[in-house]
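S.K.: All chains should be modelled from the sequences, with the hints used to inform the complete structure.
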Amino acid sequence: MGNRRNIQAIWMLLERIDAGLITRDPGTARSAEAYDGLRKQLNQASKNRRIHVSHLLSLSDSIDRGAEYQLVKDRVADFLAELGVSHSSDLSRPDFFEIKGGSGDFLECLVPAIVETMDDGTVSLVRLGVAERTANPAFTPYKPSVSDHGSDDEPESRGVKIAVGITIAIVGFFLGWVIAANTQDTSSSGSNERPALIVEIG
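The numbering used here puts the first residue of the sequence shown at 1255, with every later residue one more than the last.
Just so you know, these hints were derived from the structure itself, not from any lab.
Predicted model only: the values in this text are computed from it and were never measured.
Every residue gets a Cβ at the ideal spot worked out from N, C-alpha and C, and that includes glycine.
Don't take every hint at face value.
The following label-pair restraints were derived from C-beta to C-beta distances [said to hold, decoys possible]:
(1) Y1323 - A1283: 49 to 59 angstroms
(2) L1382 - Q1298: 14 to 24 angstroms
(3) E1362 - V1339: 19 to 29 angstroms
M.R.: Okay, here's the thing in structure tokens:
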């Protein structure tokens, strides 16, 4: 316990020294990096505030017009997605969850965590999720969404496939008809010579 307190005291002292060096000499690379990070955070905070105000005004207009509950709910979901806020059940980040009891070597998500994805791809925690330990985690079968399907399942691609299939069927019917006609002409003439079959397609 004593060693841990000593380490914490040393760490706090180092942070104070670092802060003192940054503020004392703004011309160093370390100071420039710190001030640049602070500037980005302030700009992002200002941007988020403007977006938040815009969202609130939009919701207020919808409510004043008597919008239905589902419409307001969908708009809130769109606003959260625009801000990069989403629900996460990724248990590979146990620090995003509050572990409540249970026993076993696995974790099962009870309440998803709420996370925010920054512009640079960094994921930060907004609100803790809830998970519990379990011996046999429940298996949820994967259900692909519309966005998981490739272009082969798009209506345009299906239309192209149908058109290609119809074209192949017409060409096949035409070839069969020509072959049958040539065979009939050969048998009726009694000639042993086989006529040349030349079919030009396209």
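S.K.: State for each hint whether it applies.
M.R.: Here is what the structure says about each hint:
Y1323 and A1283 have their C-beta atoms about 54 angstroms apart, which keeps the hinted 49 to 59 angstroms range intact. For the hinted restraint 14 to 24 angstroms between L1382 and Q1298, the CB-CB distance of approximately 22 angstroms keeps it satisfied. Taking 19 to 29 angstroms as the suggested C-beta distance range, the pair E1362 and V1339 conforms, at roughly 23 angstroms.
Of the numbered hints stated above, none is contradicted by the structure.
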